[in-house]
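J.: Here is how the chains run, residue by residue.
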Amino acid sequence: MTTTSPTKTAAPDLDPAPPAAPAGPGRSRFKLGAGGQLKGGPFTYIALAVVGLGSIFPLYWTLVAASHDQERVLDSPPPLLPGGRLMSNLEAAWEQANLGKAIVNSVIVAGSITVATLFFCTLAGYAFAKMRFRGRGGLMTAVIATLTIPPQLSVVPLFMIMSDIGWGGELESVIFPTLVGAFGVFFMRQYLLEALPYELIEAAKVDGAHNLRIVWSVVLPAARPAMMVLGMLTFVQAWNDFFWPFLALNQQNPTIQVALGQLSASYTPDQSIVMAGALISTLPLLLVFVVFGKQIVGGIMTGAVKG
Amino acid sequence: MATTTPARGAHTPPTGGSGAAPHGRGAWRTRLWRFDDKVSPYAYIAPFFLVFGAFGLYPLLYTGWIALHRVEMTSLDQSEWVGWDNFAKILQDSEFWTSVSNTFVIGVISTVPQLLMALGLAHLLNYKLRASTFWRTVILTPYATSVATAALVFALVFRADGGLLNWVLSFFGVDGVDWGNGHWTSKIAISVIVIWRWTGYNALIYLAAMQAVPADLYEAASLDGANRWQQFLKVTIPSLRPTILFTIVISTIGSLQLFGEPLLLQGGTLGAVGGSEHQYETLSIYLFNYGWKLGHLGPAAAVAWAMLVLLLLIALINWIVGRYVRKNAV
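In order, the protein sequence lines correspond to chains E and P.
If you're matching positions, the first sequence starts at 0 in numbering that gives the first Met the number 0 and goes up one per residue.
If you're matching positions, the second sequence starts at 0 in numbering that gives the first Met the number 0 and goes up one per residue.
Warning: the hint list may mix true and false statements.
What the hints assert, rightly or not - Residues from chain P that face chain E, not an exhaustive set, calculated with beta carbons under 10 Å:
(1) 64
(2) 204
(3) 296
As the list claims (entries may be wrong) - Lysine-lysine pairs mimicking PhoX-like chemistry, simulated, CA-CA at most 20 Å apart:
(4) 292/P <-> 233/P
(5) 88/P <-> 233/P
(6) 293/E <-> 326/P
(7) 292/P <-> 38/E
Unchecked claim - Selected chain P positions facing chain E (in silico; Cβ < 10 Å):
(8) 86
(9) 87
(10) 147
(11) 248
(12) 255
Just so you know, the hints here were simulated from the structure itself, not pulled from any lab data.
None of the values given here were measured: they were computed from a predicted structure.
By construction, the Cβ of each residue, glycine as well, lies at the ideal position given by its N, Cα and C atoms.
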């Protein structure tokens, strides 16, 4: 992802250390990267390792706590290595929290939100990036401004509206408000501004394609890499969403996060079973992360450069 | 990928489309093309505005109406005009003011260290590193963790007896910190959860902005004799100012919404009221408790409007600070 700038020639040394940089391959070791930065030293790696451990440890400990019985988890000193009760705890969590149904619900919710977001945000992003129409600037500002409105401001009436139209407690009440989001529109716009040359659109027009046809055969192929990233970001967000689903859904029909919240709120919850539930809810996303980490990292860095 | 060229969109696309429409096919077809060109962009952005209008803007205004009525969870279709009573009720409730101040305190002690750490972390990641993607992915993992999972794990870590943290602290001679029940310790615990989840994310945003800083700025600075630290202060930070402001706005709005962390820190009935003495009750918890636990939606809507006022205040402060910073920079 690092764009190495072509500064091979006579880049002044910012580092006080490399006096005897030999010619040939060794010289390039002190080449300036993007932003004129230099190679990290041991301190950099140590600091990153400490932060990295801090990032990973709570997740590792979720696994540890999920594999002991509750007494051991709450004991002092706490366990630091996994125990042997993982499978039985997972089973208990599965039954007690209705996790099977919750996972299916989460897949439906996050899946449909992701598909709809991709479709609508690509269309809107394309319009904002490449089409000329009256009010484009103002409307784009309006889109970005909606990012600053917390959901708390509208949950009370939203709850009443949903019950009014018969979606009270149903998955629709969670899916529909999030079908298309400002971040996605902005993200696709940013990407298409650069990735889709006007020449391509013009060529299609000369060939006699109407707008929808252009979207289908020119815009969508060009947008595919960004759509993959946006898809993953959207899925992560929808899967992890807690506040509104917790208010809107009930015990019989929860998403996995809601089920987890209810499991922990139950009368005297067994902590190792709660942790087993937490593990189940997190594992699918961690897998996505391990496989697509690079793209997700790149996506966050692209999408957020400018506010 | 991280570098963005300035505003390509400002370029006007070469016109032609409809002008180059088929000749002799008749005016009707040309008119259809023109219509297509005119309406299509609006059709493409319409879904966003429809969804936002129906589930964002309309409820937001509706909230104001509910705040002036008596609406109970038990009978959602009945409402009774009560005027400013709901507002009077919450404004006279000391618990409301506690939650305002809690939200503010937790917001500050989670946002400030978070963004400072993210800045430092981005600086480290901006070095040429072995396995740079690996490091970036690792520090972003907490982002893939849900509020619920994070809050539940940290609830165990922060347990007063048998908790992981107190066990570690005991080696340093600190014993028996009651994280959940203390006024400051509980707020710190919640902030730690927030910081853990969002530092890596913000670091990546800063990193992207850092990589967009032109290298010659650093070259010029080093020719002027600036050392690393001075370069960081005089080149990196000023170049990042818009990004920093952006992250401040986003994190501040985020901290106004804190819900899952306090709800699940101790769980159960304690979670729903933000602790035995409301010591970590946030505005969202207060709203939830009034609306969903007690079942009075009118006051809950009034709380939502109080949050809106706070949001506008924050925006105003941001604007003033931003102006001040810009003025002093020139």
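J.: Can you name, in rising order, the numbers of the hints this structure does not satisfy?
T.: 4, 5, 6, 7, 8, 9
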